[in-house]
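4 protein chains.
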Amino acid sequence: MVRAAVMPAPHAPIEIREYPLPELERGSILLRTIMSEVCGTDVHLREGHLGGVPYPIIPGHINVGEIVDLRGELCDVSGQPLSQGHVVTFLDVHGTCGRCWYCTVAHASTRCPNRRVYGITYSADDGLLGGWSEMIYLRPGVKVLPLAPGVTPERFMGAGCGLPTALHAVERASIQLGDAVVVQGSGPVGLSAAILAQLKGATQVIVIGGPEARLAEAKRIGADTVIDIGVHGPKERVGMVRELCEGRGPDVTIEASGNPEAVPEGLAMTRDAGTYVIVGQYTDNGSVAINPHLDINQKHLDIRGTWGIDFGHMWRSMRVLAKHGPRYEWERFISRHYALDEAQQALDDVAQLAVVKAVIEPNSSH
Amino acid sequence: MVRAAVMPAPHAPIEIREYPLPELERGSILLRTIMSEVCGTDVHLREGHLGGVPYPIIPGHINVGEIVDLRGELCDVSGQPLSQGHVVTFLDVHGTCGRCWYCTVAHASTRCPNRRVYGITYSADDGLLGGWSEMIYLRPGVKVLPLAPGVTPERFMGAGCGLPTALHAVERASIQLGDAVVVQGSGPVGLSAAILAQLKGATQVIVIGGPEARLAEAKRIGADTVIDIGVHGPKERVGMVRELCEGRGPDVTIEASGNPEAVPEGLAMTRDAGTYVIVGQYTDNGSVAINPHLDINQKHLDIRGTWGIDFGHMWRSMRVLAKHGPRYEWERFISRHYALDEAQQALDDVAQLAVVKAVIEPNSSH
Amino acid sequence: MVRAAVMPAPHAPIEIREYPLPELERGSILLRTIMSEVCGTDVHLREGHLGGVPYPIIPGHINVGEIVDLRGELCDVSGQPLSQGHVVTFLDVHGTCGRCWYCTVAHASTRCPNRRVYGITYSADDGLLGGWSEMIYLRPGVKVLPLAPGVTPERFMGAGCGLPTALHAVERASIQLGDAVVVQGSGPVGLSAAILAQLKGATQVIVIGGPEARLAEAKRIGADTVIDIGVHGPKERVGMVRELCEGRGPDVTIEASGNPEAVPEGLAMTRDAGTYVIVGQYTDNGSVAINPHLDINQKHLDIRGTWGIDFGHMWRSMRVLAKHGPRYEWERFISRHYALDEAQQALDDVAQLAVVKAVIEPNSSH
Amino acid sequence: MVRAAVMPAPHAPIEIREYPLPELERGSILLRTIMSEVCGTDVHLREGHLGGVPYPIIPGHINVGEIVDLRGELCDVSGQPLSQGHVVTFLDVHGTCGRCWYCTVAHASTRCPNRRVYGITYSADDGLLGGWSEMIYLRPGVKVLPLAPGVTPERFMGAGCGLPTALHAVERASIQLGDAVVVQGSGPVGLSAAILAQLKGATQVIVIGGPEARLAEAKRIGADTVIDIGVHGPKERVGMVRELCEGRGPDVTIEASGNPEAVPEGLAMTRDAGTYVIVGQYTDNGSVAINPHLDINQKHLDIRGTWGIDFGHMWRSMRVLAKHGPRYEWERFISRHYALDEAQQALDDVAQLAVVKAVIEPNSSH
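Residue numbers (the working numbering), protein chains in the order written: chain Y, 55 to 420; chain U, 55 to 420; chain D, 55 to 420; chain F, 55 to 420.
Chain Y extracted, bound-state conformation (with noise of 0.2 Å):
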């Protein structure tokens, strides 16, 4: 039998619950978990905040396994074999369909209708398809990434669903050499936006954010200047900006804190003509007043929505994990690993920002 941690329902505790062991179909594969990671997501999860979630679920979307078994000769994205004892990771994102106008004419993959997602649009009816859980089982079709040489699933973990998401953001950032750019927010998303953003060219990164622990990360990742939203209101914060870019904003900001009062600060801050990627507002906090003349017209401004992920997101991550893993050592980000019957507690944590990433080890005993 296997263990798995289930969210019942919104607002239920979680429990642990056991499957048995899946019969594997052709082109499907096992892993046992090694890790999975307990991110903001769950947290909306927990709180009901998501749409069409087929409770009860297996959370748990970013996963590192090793292959235990898998059926037919199976590959990864670039030909090479997977076979037993691989150490892999896998895109989250599910039947993306390639058939629908979204997939085949706008080319919007993160907006194709029949995507599903591991951890979150699966029941666990449906069977072991979320990564809080001492098996996963990949459907044939889920895209499965070995890690690169160097990378630990610690690290991996480390950098999470923030990673590929802060690189989708910052793709579409158009940052240039030279650039200075804001990131609202210093959550996993915020902090590998504020590396990636040095990584694609800006030479001046701010971050705006709370609480301490993190923006002590922040900083040890790089940021030229970190300010505290415990200590600054939105109107300094501006105003700080503002002087701190040459008296006329930074060129980019990146939206990742979750609170829609961040993007008529986040507009007000941004230099005329510049651009501000909006990739935190994952889940429905409400609405916000915007001047459609002074923050977006008259400014000139360029504003980019930013939803999901694809593969093309999780490969580059990996790349940029192996060749700057030792750089920004992403696994300091975990405050705390969890066993599987600890996953309460690690949602907890995460919930009250008690921790900067927490992940649960549902092999390990602790």
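Hints are computed from structural coordinates only; laboratory data are not their basis. Misleading hints may appear alongside valid ones.
[Unchecked claim] If the Cβ cut is set under 10 Å, some of the chain U residues that face chain Y in the computed set are:
1. R86
2. G232
3. I332
4. Y336
[Said to hold, decoys possible] Restricting the straight-line Cα-Cα distance to at most 20 Å, the calculated cross-link-like pairs of lysine to any residue (SDA-like) are:
5. Y/K273 / F/A376
6. D/K289 / D/E315
7. Y/K273 / F/P380
Every residue, glycine too, gets a C-beta built ideally from N, C-alpha and C.
Following the hints, complete the assembly by docking chains U, D and F onto the known chain Y.
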């Protein structure tokens, strides 16, 4: 002496004043005005909505005139000599510096802080620097553009500032062949945007606006569907547009209405991963509630503010007029011509949307 | 039994062969062929110019047919059900994998190494997988597109593969409103490129090609100037084009000729900082001398190779045909219809440029 | 009197000549030269490879100097006042007109036909308009840039014109996070391109060049692999690069070699749907055979010529130097400093690739 219609101060009636003929410095040109536009911005000038306007001013930023005098050997942008008798227009924006950070590093010429605008940011005390005047003085460096063969002053002024403004917006809209485009607003900018969307590859164009005479123009110039805001409310409009666009909504929406409420409506109707261009918010009409999660992030939208025009937009507009003038007959946007003494009436008619486009002929007795 | 025109091997004459009706697997569709194209690629297939072709083959990659049978509940890309009697086309490219590095990371779908092409890379031994046949078997996953209302098979086939190929090229050409565009080549791709350049904002289009019948078509569909390569030599053509384009040359040049010599000529005529799109070099006709300093670096040119099409190009082409079909009447590109038994003659006529476009009607007796 | 090293004519030896101190006009600045570059272009100037050079000239287009006199209240691009004692550089390109078609419509500032270049297209008879001179006269409108805090003249000159030239090339290269980049050429442009590729997101950089001292520099600044053209032939290099890049080849190749033969080699090694930037072909070294089918069309390549720099490239380079100077120590590219009297020797050493970078110190006795 030269007669000019002067706006002495916000809310004050237009006055006819007389000025001496200017002495020409090297590089300058004197135009006898053929036609000058009365546009929505002139209404905002009367209402005092724009900051930094050095009243009294001679309004009229888009103009056609005949060269009656010039100093030095002057050429147009293509190197053709300018001489007496040529019928020309000129870019109202003057003094873009080419030296500041916005000009040299950001290449955001419409955000150059040194730019001045004929008819808007020059005082009547500075000279004949607006078109509601029998003569216009072109300072050295003003960018002159001869009307192309076949483009009459009437046709050029029917397009007015709406055409290059719409061209800038459409340039930022990244329309692809086969796209569906919605234009919010049926004033001069909206109507030209509806034309240019077709010329940039859209195969379906929907115009939302009013009153009826403007929607009739929208139909005339090729809109597939018009939606009357006097008949259909905001929510109904979103539903209608979605249904017209295969249930998804348009690929591109161009806001050219000036009403902040149009922005959330436009965001809501645009398809996922589409583009929303804001070009109508030229004055501060306040804030509006926007939901960053639903309206931007989850939709993976691009939003692009569009401020001002540069000479390239005007040059391209002239090419469009020369090629497509006979097909779209922009001159039909002109509802009425006014003598200089009727400037007040022209302004009132524009303010009340009693006309699509109003032009003043300062040297015509009517 | 189903009759098909088969190309047994390079240089061998076309043969009519008979095949049994296929048994349909789940997800497949059987079409009764209405029309199939004979294009320049088919001539190259006969000459053995393409590598990896599994002769014998049933040529015919762009086709229109009527659904006579299908298995399962199948939909088009917009979610509309497909059923018997529907008149449809389909994307000849099949099996783009969605799993390889080119599909998932580079998003370069036309370079997926797993793609197969109806009428080109399938053998007649694999089934009825080409259009020169009374019936066509659509394997599961083939992307089907119903003809839009008002688009007759005749009009669609007049456009043929030239239209989506040209659409891809024009998409890569970044044409701006008011641009001057030169098209090198007046075959089906060149003619559609000349149409689409106009629809994307060009206000001046020059077509260089021959023979006379094709140039007459170019004039008919709106080219401002045509230049006959039988009359004017390469150097003269460069001079003529420059002069027609204000001495600078065109903003964009689209190569659709298939002749390597066209490339240095096209580079030479394009204006500095312009764009040169290569879409005609579909087979290896050898090398040509290019001067990287004069032709590329000093000119600050963009050069863009354009390979293949994806479903989006076909979908957008259908929208263009539905909107602009009455204006451009693509069906007039069809010089002659051929019965299945006349396939050899059709191929010879295309090879000798005796026709603009040839189509085979496999179920028509003629 | 001011001493300057003058190039009297092609192939003639450098001469030291004396000139009177210039009288300053309003808006002008006089610099005491600290360092001036000797670059490959100076060798081409001696060989008479460039057209339109008004010999005799004072070479030296990239320079650092101290302001010793100025006329009027002058500011840098950020609005900071300039005054005596400031250590500055300036953009060698002067007189980009802001009025011609290339400036105003194409926004292709480096193709403005009115631009003049210090040290290249100004004659010694026009004044002290090159850096191989004790003093440099900055005409009104020359764009001045103070060295950023921490950027020494030594470090700035080590980067020289290679850095902004490479920055322009890398800007056009559209590098994405995780890309593999090949740089052809290990001179000053190639080395800076190898640095900037890393700073723009490449996680793998391969430099192809020679001789050994330059490849040692390439390794020092972070190239993952260097390939010595003295050891490996062209075909072998293509194979090596492909193998290093997962069998596909690099995503981006940047040509910075000046050898036309590098172009087909670079096209061949770049992956399908990749990008090839040509920045090294600054003088006419003849033509080369290119296969448009194999090298461009079937590969679906983007090729981008890159001419000249504008002030933005220089401004961004200064930001990069200020941030990353300690990491890359550009000053180490300087192999030797030369007194003014040794200008001939400096030129010879550059011509023979005996140095990576040579600088002249006109006011130092050595």
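Going through the hints against the structure:
{"no.": "1", "hint": "R86", "verdict": "violated, 34 Å"}
{"no.": "2", "hint": "G232", "verdict": "holds, 8 Å"}
{"no.": "3", "hint": "I332", "verdict": "holds, 5 Å"}
{"no.": "4", "hint": "Y336", "verdict": "holds, 7 Å"}
{"no.": "5", "hint": "Y/K273 / F/A376", "verdict": "holds, 19 Å"}
{"no.": "6", "hint": "D/K289 / D/E315", "verdict": "holds, 12 Å"}
{"no.": "7", "hint": "Y/K273 / F/P380", "verdict": "holds, 19 Å"}
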